[in-house]
Amino acid sequence: RAALVPPRRVADALCQGSLGATGSSHCRSPPSDPLLRPYFPSRHGPRHHHRHVRDCQPVKYGNITYEAWPSDNRTGGPVATTRTFVSYIPPEGKDRKAVYGHFTFVRNPLRTVSVLEPGGAGGCQAYRRAPVEETAKLGKCLVAQNGGYFDMGTGECLGNVVSDGKLVRNSGGLQNAQFGIRKDGTMVFGYLSEEDVLDQTNPFVQLVSGVVWLLRDGEVYISQSQMAECDEIQTTGTFDKFINVISARTAVGHDNQGQLVLVHVDGQTESRGVNLWEMAEFLKRQGIINAVNLDGGGSATLVLNGTLASYPSEHCPFDSMWRCPRSISTIVCIHEPTCEPADCSSHGDCVQGECHCTGDFWRGPGCDILDCGPSNCSLHGVCTDAGCLCDAGWIGTNCSEECPMGWYGPNCQKPCACEHTCPCNRQTGSCNTTYELAIQDQLNKEMLLTWIFLLSDRKTWISMTSVLALLLVISAMGNISLFLKARSERHHESGDYLYHPLREMNGEV
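Its first residue numbered 166, the sequence shown is counted upward by one per residue in this note's numbering.
Be aware that one or more of the hints could be misleading.
Mimicking DSS-like on lysine-lysine, the simulated pairs with C-alpha atoms at most 27 Å apart in a straight line are [unchecked claim]: (1) 302 <-> 331; (2) 259 <-> 406; (3) 406 <-> 262; (4) 449 <-> 262; (5) 449 <-> 259; (6) 225 <-> 449; (7) 331 <-> 305; (8) 348 <-> 331; (9) 305 <-> 348; (10) 406 <-> 449; (11) 302 <-> 348.
Derived from the structure by calculation, the hints contain no laboratory data. Every value quoted in this text rests on a predicted model; they were computed, and no experiment measured them.
Produce the entire structure from the sequences given, and follow the hints as far as they go.
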């Protein structure tokens, strides 16, 4: 239709905002790229409840208004691979046109993808806008692409925003297509209720709002998105034009391997690029399963390794000869893998997404588990970052050894003070203690060992042997003297015996 309008009337219409211009107090020439707004001039998103989306979707999806897909979790190799394409869209026919842009395939998105606020943390609250390059530099992004929508007048972030586990903005249930990553790595595409967004059972760690669900389970889903995301007054107005106009586009999706896929198509609103129908068909041919459309038009920006890789559609303010990227809102950032937690619980170093624990006793993926070995300090101590801290009465690296006899207390450093050098309680030092039979055997063995030690000295052994020999000789001499004396007494008594023959006594023999 614009081609049929005289140039002056087009300029007047742009000044009045009928094509999405910002409506400044003076207008000398049309902007280089008419603003691509899905809901202009109303607020962002439809006013109806989530139930409307659920009731209007095809019956085969039941009550589920989104698709969930497990993300790739491979480690090693490149974090992301970006490829440049120049393709004809549609592939055949006289109306085909050359379209160029980029695909970025991302491994392990749970650890490598973040939704970042403009200009760093707090950007949405401050209504800040920043070029993608600036935010990407702050976030150390290897690849960065513009993300969610924003208010061109105030800079307000629109829709839901969750950045690295922090809920930055809650849209209050506005039904726009969403992309998010949950804590367990599941990628989510589709329409979410406010309860879904705020659910803490498996919370979102990244979340950003787009407009129009391009592909659902490998099929184009634009017609259903029109029903889900349009207010009644916009069905044939701004929203319809937003879908059908050719422009620069960006999208986020995934393939059948669970890799996250960022898609960027260069263009300029109403001049070059693709409409959303063409975008969806193109992504489907590339094997994308689910995909959500993100902010496009003059906001479409791709930064690779800190360098602008896309062709901006807006003229630079200092010279219309050059094109400059727009200051935008949130971005989708691809970075080196992060650890969970990022500081490895202050007990390790994060290396390519894995915590390398420091010290000898910190274990676990987050270096937050103290482990002093399978014995667990033999249940006689506490595991600390310096090793086993043994209870009183126990020593050893695993607290498996009791204090030696005669010592007690922490580290067995206190000597017993019992009478007659009796041992004491190893924990308290108390002398009023009864030892078990095994301990008594140990005492007897220690006494025997003491004697053996004494005898092990040669001089001591000779002295002891001499004493024992002398005692043995004295004992033998005493025994011999007693024996001779007893024999002499018996011989002397035998000389006094007399023989008396038998005689009759009282008539009897």
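Hints and how they fare:
1. The suggested pairing of residue 302 with residue 331 holds, with an alpha-carbon distance near 20 Å, which does not exceed 27 Å.
2. Using a Cα cut-off of 27 Å, the hinted pair residue 259 and residue 406 holds, with the two alpha carbons roughly 23 Å apart.
3. For the hint linking residue 406 to residue 262, the alpha-carbon distance of about 20 Å falls within 27 Å, and the restraint holds.
4. With a C-alpha separation of about 18 Å, the suggested pairing of residue 449 with residue 262 holds against the 27 Å cut-off.
5. Of the pairs offered as hints, the one joining residue 449 and residue 259 holds, with about 22 Å between alpha carbons and a cut-off of 27 Å not exceeded.
6. The straight-line distance between the Cα atoms of residue 225 and residue 449 is roughly 20 Å, inside the 27 Å bound, and the hint therefore holds.
7. With a C-alpha separation of about 19 Å, the suggested pairing of residue 331 with residue 305 holds against the 27 Å cut-off.
8. Between residue 348 and residue 331 the alpha-carbon distance is near 12 Å, which keeps this suggested pair within the 27 Å criterion.
9. This hinted pair checks out: residue 305 and residue 348 have alpha carbons roughly 22 Å apart, not beyond 27 Å.
10. For the hint pairing residue 406 with residue 449, the CA-to-CA distance comes to about 22 Å; that is within 27 Å, so the pair holds.
11. Our distance criterion of 27 Å between C-alpha atoms is met by residue 302 and residue 348, whose separation comes to about 25 Å.
Checked against the numbered hints above, the structure violates none of them.
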